[in-house]
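> Protein chains in written order, with the UniProt record's numbering: chain A, 1 to 271; chain B, 1 to 271.
Heads up, some of the hints might be wrong.
For identical chains, the list gives no copy identity; a pair is met inside one copy or between any two copies.
When the alpha-carbon atoms are kept at most 20 Å apart in a straight line, the in silico SDA-like pairs for lysine to any residue are as follows [as the list claims (entries may be wrong)]:
| no. | residue 1 | residue 2 |
| --- | --- | --- |
| 1 | 228 | 142 |
| 2 | 138 | 23 |
| 3 | 163 | 72 |
| 4 | 228 | 76 |
| 5 | 134 | 76 |
| 6 | 246 | 188 |
| 7 | 134 | 74 |
| 8 | 134 | 73 |
| 9 | 44 | 135 |
| 10 | 163 | 130 |
| 11 | 44 | 70 |
| 12 | 246 | 85 |
| 13 | 33 | 76 |
| 14 | 221 | 201 |
| 15 | 163 | 92 |
| 16 | 246 | 121 |
| 17 | 106 | 196 |
| 18 | 246 | 125 |
| 19 | 36 | 13 |
| 20 | 246 | 122 |
| 21 | 246 | 123 |
| 22 | 138 | 169 |
| 23 | 246 | 86 |
Since the hints were made in silico from the structure, they are not lab data. Just so it is clear, the structure is predicted and the values come from calculations on it, not from any experiment.
There are 2 protein chains.
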Amino acid sequence: MRNICMRVNYDGTDYFGFQTQPIGNTIQDVIEKSIKYLTGEEIKIHASGRTDAGVHARGQVFHFHTESKIPLERWCMALNTRLPDDILITDAYEVPLSFHSRRSAKRKTYRYTINANQFADLFNRRIQLHHPGKLDIKAMNESLPYLLGTHDFTSFASRHSTKDSHVRTLYEARMDHDTSMCRVDHPRDQGIIHIYLTGNGFLQHMVRIIIGTLLEIGEGKRQPEDMKHILAAQDRSAAGPTAVSKGLMLWNVEYENLLKKTCDNVLRSSI
Amino acid sequence: MRNICMRVNYDGTDYFGFQTQPIGNTIQDVIEKSIKYLTGEEIKIHASGRTDAGVHARGQVFHFHTESKIPLERWCMALNTRLPDDILITDAYEVPLSFHSRRSAKRKTYRYTINANQFADLFNRRIQLHHPGKLDIKAMNESLPYLLGTHDFTSFASRHSTKDSHVRTLYEARMDHDTSMCRVDHPRDQGIIHIYLTGNGFLQHMVRIIIGTLLEIGEGKRQPEDMKHILAAQDRSAAGPTAVSKGLMLWNVEYENLLKKTCDNVLRSSI
Chain A
1 MRNICMRVNY DGTDYFGFQT QPIGNTIQDV IEKSIKYLTG EEIKIHASGR
51 TDAGVHARGQ VFHFHTESKI PLERWCMALN TRLPDDILIT DAYEVPLSFH
101 SRRSAKRKTY RYTINANQFA DLFNRRIQLH HPGKLDIKAM NESLPYLLGT
151 HDFTSFASRH STKDSHVRTL YEARMDHDTS MCRVDHPRDQ GIIHIYLTGN
201 GFLQHMVRII IGTLLEIGEG KRQPEDMKHI LAAQDRSAAG PTAVSKGLML
251 WNVEYENLLK KTCDNVLRSS I
Chain B
1 MRNICMRVNY DGTDYFGFQT QPIGNTIQDV IEKSIKYLTG EEIKIHASGR
51 TDAGVHARGQ VFHFHTESKI PLERWCMALN TRLPDDILIT DAYEVPLSFH
101 SRRSAKRKTY RYTINANQFA DLFNRRIQLH HPGKLDIKAM NESLPYLLGT
151 HDFTSFASRH STKDSHVRTL YEARMDHDTS MCRVDHPRDQ GIIHIYLTGN
201 GFLQHMVRII IGTLLEIGEG KRQPEDMKHI LAAQDRSAAG PTAVSKGLML
251 WNVEYENLLK KTCDNVLRSS I
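Okay, chain A solo, but in the shape it has when bound:
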């Protein structure tokens, strides 16, 4: 028995999320089918966490147990030829049997992208929320530090959350504001805003509710320091709406002493 761990990118636009659903057409179903086609095995894959319908991934990690003797370096190519072009496996690792994609994960990072220019960005339309209205981007940035640390995030969790505890730790909350594509003759262009949140775990809809609340701060409906009171309320109705799923991407999953290089997606240029 081998334990194989993989990293997968997907465009979630046309799927009902990662995890198998009665309604079908999930990322998990498609990957399991391609593994069955390759090895003949009816296996279940286990991911670092589910992602909702329409949410994307650049660094989703999953593992599975297999009897197959296919050499490690052949797995990616062999599966990719059987996968649709909106799912792509970029890494395969053989890991100890004790490794579990979800239980062994130490840190997860999500990215949410807001296009605050006058017009949508046609070629990135599937992975951006387009918000052409005026935003106080400085206020949005100032509200992020209130989220750092260990808190009960009930205010930022779906009412349907089934978790016993809503206490999570947020290690990083960072905004990257890119104005390089703003046009001189489009004075209302405000740039592309990427928000990166890194924590030990995230509740259902947590990033999207944080973003929905940040947008209300950007629109002047709330103040940055309101974040503190919203957290303290431990009440979903204290926070803003749930931002649409298309802007959300599971960016990275980190493990201790394992897959470090992989999951950091080390680029040659950053060395």
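Once you have looked at the hints, place chain B on chain A.
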């Protein structure tokens, strides 16, 4: 009577090209339908040139004559709300009646994008040719200057070209080689290659045949100086294959004293 000129972006993946076809589902059909919905007029739009099925545009320009009194600043938003999300109008100008998108055009630029990394780039898969095989990128770059100037481009034109003359002038031929996304642990990653060609006009399939030939040079099947002999042959069979349409994008169309600012897509950051 007014002459309205617009700039349009489109993702050509799901269309049979720009120009109206008996088979239907072209960019032109969709735009004309949205104008009819808005003004009630059965008008024909005229573009700077057709683009083939699957080819994209960032800077396509078209014009049309209308009796509508809709103020200029309302056109973009009004049409975009009626257009599917893979077609986006970004600029509207009122121009002299003598202006013609094709006949008045002075320079056109096409961009072709090759992803030479081991894996496809999932979120740009619709606008890149994925070529994971080894490429001599330096040789490809060295072959570009042979194309500059005024030549008979018959070797690089579709056999179905109906033009009287295949003489065209290429003003610029430039490669942008971006290795910033190459991964340390993917030693076969070679980066993203954008090739920009600017000329006074392009023949049917001209850019795609140039790219198909460049790829053969990159693969070592031909030498950079072969470009000179291929041009001289004035024979389609002397050149390489036609590269797939998905990597091609009509990047910009330039006009004298008109739309200069628009069509250069002036970005604030470049000032």
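> Does each hint fit the structure? Answer for all of them.
Hint check:
no.	hint	result
1	228 / 142	within (12 Å within a copy, 59 Å between copies)
2	138 / 23	neither (42 Å within a copy, 51 Å between copies)
3	163 / 72	neither (36 Å within a copy, 54 Å between copies)
4	228 / 76	neither (45 Å within a copy, 41 Å between copies)
5	134 / 76	between (44 Å within a copy, 19 Å between copies)
6	246 / 188	neither (23 Å within a copy, 31 Å between copies)
7	134 / 74	between (50 Å within a copy, 19 Å between copies)
8	134 / 73	between (49 Å within a copy, 18 Å between copies)
9	44 / 135	neither (44 Å within a copy, 39 Å between copies)
10	163 / 130	neither (32 Å within a copy, 43 Å between copies)
11	44 / 70	within (18 Å within a copy, 58 Å between copies)
12	246 / 85	both (18 Å within a copy, 14 Å between copies)
13	33 / 76	within (15 Å within a copy, 45 Å between copies)
14	221 / 201	neither (28 Å within a copy, 52 Å between copies)
15	163 / 92	neither (31 Å within a copy, 52 Å between copies)
16	246 / 121	both (13 Å within a copy, 18 Å between copies)
17	106 / 196	within (16 Å within a copy, 44 Å between copies)
18	246 / 125	both (9 Å within a copy, 17 Å between copies)
19	36 / 13	neither (24 Å within a copy, 31 Å between copies)
20	246 / 122	both (14 Å within a copy, 15 Å between copies)
21	246 / 123	both (14 Å within a copy, 13 Å between copies)
22	138 / 169	neither (24 Å within a copy, 49 Å between copies)
23	246 / 86	both (14 Å within a copy, 15 Å between copies)
Against the hints set out earlier in the document, violations occur for numbers 2, 3, 4, 6, 9, 10, 14, 15, 19 and 22.
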